[in-house]
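Residue numbers (the working numbering), protein chains in the order written: chain A, 1 to 115; chain B, 1001 to 1107.
No lab work stands behind these hints, which were simulated from the structure alone. Errors might be hidden in some of the hints.
[Unchecked claim] Examples of chain B residues toward chain A, derived with CB under 7 Å: (1) Pro1009; (2) Tyr1048; (3) Ser1051; (4) Ser1060; (5) Phe1086; (6) Asn1093; (7) Gln1094; (8) Phe1097.
Keep in mind the model is a prediction, meaning the values are calculated, not measured. Backbone N, C-alpha and C fix where the C-beta goes; we use that ideal spot for every residue, glycine too.
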Amino acid sequence: DTGVSQDPRHKITKRGQNVTFRCDPISEHNRLYWYRQTLGQGPEFLTYFQNEAQLEKSRLLSDRFSAERPKGSFSTLEIQRTEQGDSAMYLCASSLGQASTDTQYFGPGTRLTVL
Amino acid sequence: GIQVEQSPPDLILQEGANSTLRCNFSDSVNNLQWFHQNPWGQLINLFYIPSGTKQNGRLSATTVATERYSLLYISSSQTTDSGVYFCAVRPGNQFYFGTGTSLTVIP
Chain A
1 DTGVSQDPRH KITKRGQNVT FRCDPISEHN RLYWYRQTLG QGPEFLTYFQ NEAQLEKSRL
61 LSDRFSAERP KGSFSTLEIQ RTEQGDSAMY LCASSLGQAS TDTQYFGPGT RLTVL
Chain B
1001 GIQVEQSPPD LILQEGANST LRCNFSDSVN NLQWFHQNPW GQLINLFYIP SGTKQNGRLS
1061 ATTVATERYS LLYISSSQTT DSGVYFCAVR PGNQFYFGTG TSLTVIP
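Extracted from the complex, chain A is given alone in its bound form (with noise of 0.2 Å):
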């Protein structure tokens, strides 16, 4: 078990591009969410996957952004069309999704500056 993984840790743009970010869960965990975090705040939910389907999904995420998992296993997050106000850090988490126990664990993150 080598816990959830990200890639990239940092990511450099310029605005109107499009980035995409991966997230790696811990083996057998069937639960995944992704976060945003600003300077000075806690995480913000985005969204969250069930195995492959994509549960519930927050306002804050605009039509710019989409998420996948498609089989299940990793998860991608797409931003197309940046801009400076998506400068962030992206936080991937995954848990078993167990009633009794639904601990989250997260990943490093991908840092993400729009010029």
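Assemble the complex: chain A is given as a structure, and chain B must be docked to it using the hints.
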């Protein structure tokens, strides 16, 4: 949505001191976790504690679900305890984080 408030927002301690961090939430929850975010941004799971009391070494946590609060106790603090402590609650499917308590432990 649910409101999650943490106090104090900032805390400075001398090494060896004890502290209590508080998390208040405005609605019933089915999941509550405490995390420590280290200076490199990594969120480390401390406790899954929707109710009751748990202890792990120098850390312990208590959640009183009926009164909608949780407490994190840190005893004999060390400089490596520095960072931001978050509580996260889940009333339905979505997790909500508090704004955190920033802890600095000085030698």
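Hints and how they fare:
1. About 10 Å separates the beta-carbon of proline 1009 of chain B from the nearest beta-carbon of chain A, more than 7 Å, and the hint is not met.
2. Nearest Cβ of chain A to the Cβ of tyrosine 1048 of chain B: about 4 Å, under the 7 Å cut. The hint holds.
3. The beta carbon of serine 1051 of chain B is not positioned within 7 Å of any beta carbon in chain A (closest approach about 12 Å), and the interface hint is therefore violated.
4. For serine 1060 of chain B, the suggested interface contact is broken, since its CB lies about 17 Å from the closest CB of chain A, more than 7 Å.
5. Annotation: phenylalanine 1086 of chain B was flagged as interfacial toward chain A, and the flag holds, the nearest CB pair being 5 Å apart, inside 7 Å.
6. Proximity of asparagine 1093 of chain B to chain A holds as hinted, the smallest CB-CB distance being about 5 Å (cut-off 7 Å).
7. Contact between glutamine 1094 of chain B and chain A, as hinted, is supported at the beta carbon level, the nearest pair being about 5 Å apart and thus within 7 Å.
8. Annotation: interface hint on phenylalanine 1097 of chain B holds; nearest CB of chain A at approximately 3 Å, less than 7 Å.
Of the numbered hints stated above, those contradicted by the structure are hints 1, 3 and 4, listed in ascending order.
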